[in-house]
Each structure stands twice: as structure tokens, then as C-alpha cells.
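> Start from chain B and add chain V according to the hints.
Respectively, the protein sequence lines represent chains B and V.
For the first sequence, the positions run 35 to 499 when our numbering is used.
For the second sequence, the positions run -14 to 181 when our numbering is used.
No lab work stands behind these hints, which were simulated from the structure alone.
Treat the hints with care, since some could be wrong.
[To be verified] Just a few of them, taken from the derived set where beta-carbon distance is under 8 Å, the chain V residues facing chain B:
no., residue
1, Ile2
2, Leu8
3, Ile19
4, Ile39
5, Ile42
6, Trp46
7, Ala57
8, Gly58
9, Phe68
10, Thr80
11, Ser114
12, Gln115
13, Tyr119
[Unchecked claim] Here chain V is said to cover these stretches of chain B; the calculated rule only asks that three of the stretch's residues, wherever they fall, bring their Cβ under 8 Å from a Cβ of chain V:
no., stretch
14, 147 to 155
15, 416 to 423
16, 460 to 469
17, 484 to 495
Please read these numbers as outputs of a predicted model, since none were measured by experiment.
We put the beta carbon where it would ideally sit given N, CA and C, even for glycine.
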Amino acid sequence: MPIVILYIWSIFLPFLLGFALLSVFSMGKRLFTFSQKIFLSFFVGASIFSMSLFLLSIFHLKWDRVWISILFSFISAICFIYYIKKINKNLNLTIPKINRAHLRINLVNYLLVALIIFKLFSIFFIALDKPVLNFDAWTNWSLRAKVFYFEKGIPLNRNDPYFLGGGGHINYPLQIPILESWIYTSTGVWDDKFVKIISPLLLLFFLIFFYLFIYQFIGSTKALIFSFIFISIPLISYHAAADYADLPVGLYIGIATMLFYLYLTRTDNRYLMLSSLMFGFAGWIKNEGSFLFAIVILVLMAIFVRQKGFKNIKKLLNLRSIILALVPGLIFLLPWLIFKSKLGLGMSNLGTESNLIGGIGIHFEIVPNILKNLLSLSNFSLLWIVAIISYLFYQKEIKESKLGIFITLVFCCFLGYIFIYLFTDNYVMILNDTIVQRNLLTIAPSIFWVTAFIIGNYLRNKGTK
Amino acid sequence: MWAVDILSPFIPHPSYINNLPPLYIMGLPVDIMIYLVFGILIVLFLFKKQKEYIKVIIILWFIISLLYTTQAGVQVYAEGVIFGGKSLDELRNITTSNNFYNFLKFAQTHLPNNEPVMLLVPKNPLYFSQKAPYYLYPHLIKNNASYILVFNAVNVKFNEEEQKLIIDDNGKVETIKAQLLAKLNDNEYVLIKNKY
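Bound-form chain B, shown alone (with noise of 0.2 Å):
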């Protein structure tokens, strides 16, 4: 078989497994536009499709392209089949038209989209044109991608010195390893310059998600400025292309808290699920993910036991809403959390043990470099500026449009690491300027969208177009 076909296959069979999966989730009254499940359905089939590759090694099963790829389209037909004889009974196979609402067309339009288009190229063509390069894509995710392709599954034996694949941060979870070592499979071939094409890809996904959720509320040209915008901040087309797992951290969160936002607007039990999960997911790439799900619930609870402000939003956050916020996310992650609990594995990144107790104490001397981290504007240009700009002057925009909580929620998420970087050991790796900025691309997706959504809805509002 051609080897770009296999190349295209280890892509695909992800997304076909989330595109299914999605399909049989959205059934019933209508949640996503068909262009909004297409960009949606890899964020879900990688996360879905790598815990299962997980699972299945428990078993010692030895990965194989060839069962492994009948398995996957095996249930993603029965979803499909289900799906067909569920919510088409009279089957239509056309394709679904493009909804041209999505894009005014006009010349400034067009100008902007060659502007995503190119910058889009950019970060393919850096990604792609050389192999792993960075630090820790080697020490931690393409070294244990490398060993499970070798393997053929994850080597789940203490003794083994390759016991998760072996490098650095044992305790870091499993998704973009995995991910990478089924292309790999896919392949057979180990070619860690193609492997770097997940970040990339997750990056388109997330902005025409994006734009897609984002143009409704203020209009195509405002949201294609914001897309152009997003894709430039410079740390996250570096790290897009760098083959780390920040970005893909920020990106789900970004995904979790739009699909929050929905539930908020539209009500639907569904949205509140699907952005528990994506929170989930997050924690199955990285521990952050996990501490940022776990603040989001602990602010969530908060705000639901004093019931004080947030008026517009009360009736939505009652304590079944918080539950379902919490349990699809959490059952996604259990199986991992108590493996890594059973080896003792732990979740700082320091190693194996809490470093929690260790480290305890104020460390004021820290201050100094985050002061400097924020201020600096090579890593993410404007961002933080305007985000706090809009957040003091557009009160009522952000009333209106029930935002506020948004705020809270990455406020307390900043919040969160800064009590880390506080009272914990972890204050070293501020000193030596190698995590702040990395910690704050996890939130920033959903800073800019929220922070887009405020300026966008006031221009919208004063009729700018």
C-alpha cells in the first residue's frame, strides 16, 4: 500500500472515530452545525481513540495497524449504522451543503483568509520540515512514542526500564505518546518529522472551531481578525510547531469552555457534558489539565454554595449541572488516575513524590520573574493587556453577555498556578523562566476567546462592522 495512503490513515482513523462518536452523541435536537462536528470530532476521536490504545495494553495486547484499524472503523460503523437508522430514516447520502452564512463575502474577507491561510502554512511547513528538535518533545513524548512502536504497546512492567516508555516525568499522561507511536504503527515506519503534525493539526481544528463558534455572535469580518490575530501570537505558532503538549492542553481547555458557554446560552445538558469531557481529555495530556478540571469544579461549587452575583446565570448552576460538569470528565480520566495511584506515580512534575509538603514555605523571590513573564509581549503579544483592558471597561458587555463567569474561571485557573508556584517546589522553575509562560498557553486560548467575544459584541453592538 502506498505509504502516503498509511500516512493519511493514522490521521483519519482518529477523526473517523470522533466524528462517529460525536454523530451518536449529537443525535436528537440539533447541537453542532455539520462544520462544527467535522473540526470537533478530532479532539475527541484522538483523546477517545489513545485511552482505548491504553486500556487495551493492559491486556497485553500487541499493537498491530491492521487490528487495531479494523477495530476502530468496526465501531465506528456501528455508530454510523445506529446514527443512520436512528435519525435518518429517509437515507440521504448527499453531502451536507456548505452553510455560506458562515462567510460574508467580501474583499477584506478574502484578504483575511489568504492571511490565515498563509500563516497556517507557516506553522505546517516549520513543523514538518525537520524532526523532534525541543527539549522535552524528545525526553518525555517522542522517546516513549519511539519505545511503543518498538514494543508494540506500552510496557507496563515496573521493573522495566522502559516502564512507560521510559525519559523523563514518569507521572505525565499518555495521550500525545501514544497518539504519535500509532502513527508509527500506522506507517511502520519511525518517522518523527510527520509525528509533529498533531499539534498543528489540533490548532487548525481549534481556530475554525473558533471562528465558527465565535462569527454568530459577532459577525465574519471581526472574527476573522480575531482568528489571524490568534495564530499569531508567536508562542503558540512556536509551540504549534514544536511538537510539546501545552498548546494541545490550552487548546481542549479552549474547546471545554466554549462548549461551557454554550450550555450556558442554549441550555443543553449535552454541551455541559461534552465540555466536562474535553476538560478530561486535557488531564489525559498533561497534569495541568487535571489541576485546571479540578479548580474549574472547585469555582464552579464556590459559586454555587454562596450563590452571591452571577444572577444570569443562577438557574443554570444548580447541583446536577455541577455533576454533570464533573463525572463524564472524571470517568475519563479514572482509569489512568488509578493506575498512576497504584504505582504511586504522583502528579508533580518534579518527581514521583508531592513535592506539595516538601517545599512548603512563601516564596516571595519569585515575583520578580513572573512580573517579568507577564509583561513581556514577545510570547503572546498584546494578549494580556487587552484581555484586562476589556475585562475593566466592558462591564456591561460582559453582563450582557454572561461572561463573567468565564473571567472568574481563568482568573482562579492564574490564581491556581501562582499558589503552586508560591508554596511548592515548583517555584524553581520559575526562577530559571522555564514554565510560566508554558503554564499560561494553557489558559490562553480561552483568554483570547472570551476577550474576543467582549471586544467583537461591543463593536458588533456600536455597529462597526
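Then chain V, alone, in the frame of chain B:
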């Protein structure tokens, strides 16, 4: 001059993953110019309550994004020149310092399957000892392994006639009896420890 500042592509550097280098125009950091503009805008925001000024900020952000996009375009060209048309092995060598990848590949062809190796590489930077496991897999790195890979290690000497490897670790001298298995050049070679 300004064109050189903006359009100079940054050569991929591993530490950029944590902090990217700032953008300069005419030798001045863009950060400072932006803060000056923002200072004025924020004063206008506070005193005139003109929320419309956000348009100016977004236009400014858009222009900065265009600069970054231009920079990305130049980087695509520069990387195309450096990496274009190379095989995967050549690319791995280019992206690994000092021909280290070529040495590891050379060593692997002389090592028995799955045999652990002892690695003698420069201690600083950590890069060499950290990157070796990625390319050497399935060979584990172990301090007492029978096979020794020597790559530009400081204070390490191999006397081929006497079959002795002398390691001077800050005055603590260790001698290992070994024979040469394969040699890439005077500072890069593979040894096997003598059993007796």
C-alpha cells in the same frame, strides 16, 4: 536596518520553547514602543471614558500580528534552505549538535542488539547525555555497561596500545581496561571492556 531586525528569522533554538526572543524595529525593542502607545491610550481610557479607543488597540495588535507573520514567512524560506531536500537521517544530524547523531548511528551499527552502553560525553551542556537515550534506544545507558561510547569527552583518554581508558573526573582518576571496537575519529569511538 529595520528590515534586518524584523525579518531576521530566528534559528530554531530549544530554549525558545519557554521564552521567545523579543521583536526589534530599528534597534528598539517593540515591547517598549507598545507600552508607550498603551500608556497614552490608557490615560485616554481613564479620563475620557472613550471605549472606542479599543479599535486603535486592535489595529495595533493586528499590525504586530502582520509583523510576526512576515517573520514566519522569512523563517519558512530560511528553513527551506537549511532543511529542504534532506533525508530523515540528514535532518536528524543537522538538528543534533556536533554530528552527535551520526556518531550514535555509527556506534549502533557496532553494538550487539539491546546491549546497554556506558556514555562518556561532555558533561556540559547536559544536552548530549539527555539526547542519547532517544536515539540509542533500545540500548540502555548504564554506568557499568560492557560497551563504552566516547564522544568528545573532556579528560578522557584511550591508550590503544595498553588497552586502557583513563577517566580523570576532577582529580579522581579511574582506569578501565578496554579495547577498541570501532572508531569514527580520534575523539569519537566505541570500546568494549576487557573481561579479565
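> Hints first: check each against the structure and report whether it holds.
Hints, one by one, checked against the model:
Using the Cβ-Cβ criterion of 8 Å, the hint placing Ile2/V at the interface with chain B is satisfied: the shortest such distance is roughly 5 Å. Taking 8 Å as the C-beta cut-off, the interface hint given for Leu8/V holds, the closest approach to chain B being about 6 Å. A least Cβ separation of about 6 Å between Ile19/V and chain B falls short of the 8 Å threshold, and the interface hint therefore holds. Using the Cβ-Cβ criterion of 8 Å, the hint placing Ile39/V at the interface with chain B is satisfied: the shortest such distance is roughly 6 Å.
Because the closest C-beta pair between Ile42/V and chain B is about 6 Å apart, less than 8 Å, the hint holds. Look at Trp46/V: its Cβ gets to within about 5 Å of chain B, closer than 8 Å, so that hint holds up. A cut of 8 Å between beta carbons decides the hint on Ala57/V: the least distance to chain B is about 4 Å, and the hint holds. Taking 8 Å as the C-beta cut-off, the interface hint given for Gly58/V holds, the closest approach to chain B being about 6 Å.
With a least beta-carbon distance of about 5 Å to chain B, the hint placing Phe68/V at the interface is held under the 8 Å criterion. At its closest, the beta carbon of Thr80/V sits 5 Å from a beta carbon of chain B; the interface hint therefore holds under the 8 Å criterion. The criterion of a C-beta within 8 Å of any C-beta in chain B is not met by Ser114/V, whose closest approach is roughly 11 Å, and the hint is violated. The interface hint given for Gln115/V is met, as the beta carbon of that residue sits about 6 Å from the closest beta carbon of chain B, less than 8 Å.
This hint holds: Tyr119/V has a C-beta 4 Å from the nearest C-beta of chain B, less than the 8 Å allowed. Beta-carbon proximity to chain V at under 8 Å applies to 4 residues in the stretch 147 to 155 of chain B; the threshold of 3 is reached and the given coverage holds. Counting residues of the stretch 416 to 423 of chain B whose beta carbon lies closer than 8 Å to any beta carbon of chain V gives 4, which meets the minimum of three for the stated coverage. By the rule of at least three residues with a Cβ nearer than 8 Å to a Cβ of chain V, the coverage given for the stretch 460 to 469 of chain B holds, with 3 such residues.
With a threshold of 8 Å between beta carbons, the proposed coverage of the stretch 484 to 495 of chain B by chain V holds, since 3 of its residues qualify and at least three are required.
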